[in-house]
Amino acid sequence: MTNMASMRYKGYTLHHNPQTVTVTNAKDIKKHTLPYLCGMVEDFARQPQVISGEGVLYGDDCYEQFKMLLTLQKECTCGVLSMINLEPIYAMFTSLTQINEPVDNILRYKFTFTESTLDKPAVNLTDSRYYTVSDGETLWDIGYKVNIPVEKLLELNPIIRRCDDINVGDMVVLR
120 MTNMASMRYK GYTLHHNPQT VTVTNAKDIK KHTLPYLCGM VEDFARQPQV ISGEGVLYGD
180 DCYEQFKMLL TLQKECTCGV LSMINLEPIY AMFTSLTQIN EPVDNILRYK FTFTESTLDK
240 PAVNLTDSRY YTVSDGETLW DIGYKVNIPV EKLLELNPII RRCDDINVGD MVVLR
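When we follow the numbering used here, the leftmost residue of the sequence shown carries the number 120, and every step to the right adds one.
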């Protein structure tokens with residue numbers, strides 16, 4: 120099922136998806152040299168995922184859209200980041216750069232989100248059969264919170280046609 124939903128963070132949906140997105144996954148490794156032997160590599164930890172990109176905001180309210188993103192970026196808390204073709208992650212909005220002044224109702228910007236593995240919400244809904252949708256949530260957000268793939272949630276909820284087409288108070292079947 121193809122879903123053309125927009126990028127979302129903390130319940131805010133971008134009017135237009137970014138033009139470019141880069142996802143960086145890395146490990147913290149240490150290299151050791153042993154006398155008279157080959158070198159050795161040791162895997163210490165997975166580094167937080169970094170998602171960055173560039174986009175364009177359009178319309179008479181392009182600067183207002185940017186100011187909303189700036190408000191989210193200035194917050195000192197993490198939230199769920201949902202994007203097309205990526206599993207939702209719990210992340211901090213770490214940087215936002217305005218590339219040009221709004222000209223002809225167009226504003227270019229760059230962004231960076233950094234995954235937060237320590238601040239991930241501790242939600243245990245394994246015994247629950249249903250989940251009640253809260254304000255601003257999508258099926259991606261719910262799947263992330265309850266650790267159930269979106270494809271499985273769509274299979275269990277055939278009435279839901281798009282992951283972003285659910286309303287506050289709707290009941291989502293979990294099992």
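If you're looking for bench data, these hints aren't it; they were derived computationally from the structure.
Cβ atoms here follow ideal geometry from the backbone N, Cα and C, with glycine treated the same way.
There's no promise every hint is true.
To be verified - Pairs of lysine-lysine residues, derived as DSS-like cross-links and limited to a Cα-Cα distance of at most 27 Å, are as follows:
| id | residue 1 | residue 2 |
| --- | --- | --- |
| 1 | K146 | K264 |
| 2 | K193 | K264 |
| 3 | K186 | K146 |
| 4 | K271 | K129 |
| 5 | K129 | K264 |
| 6 | K129 | K193 |
| 7 | K229 | K271 |
| 8 | K146 | K229 |
| 9 | K129 | K229 |
| 10 | K150 | K193 |
What the hints assert, rightly or not - Simulated restraints on C-beta separations:
| id | residue 1 | residue 2 | range |
| --- | --- | --- | --- |
| 11 | E220 | P277 | 45 to 53 Å |
| 12 | D284 | T139 | 36 to 44 Å |
| 13 | K193 | G158 | 15 to 23 Å |
Hint check:
no., hint, in the structure
1, K146 - K264, "holds (25 Å)"
2, K193 - K264, "holds (24 Å)"
3, K186 - K146, "violated (34 Å)"
4, K271 - K129, "holds (23 Å)"
5, K129 - K264, "holds (13 Å)"
6, K129 - K193, "holds (13 Å)"
7, K229 - K271, "violated (33 Å)"
8, K146 - K229, "holds (25 Å)"
9, K129 - K229, "holds (18 Å)"
10, K150 - K193, "violated (37 Å)"
11, E220 - P277: 45 to 53 Å, "holds (48 Å)"
12, D284 - T139: 36 to 44 Å, "violated (26 Å)"
13, K193 - G158: 15 to 23 Å, "violated (44 Å)"
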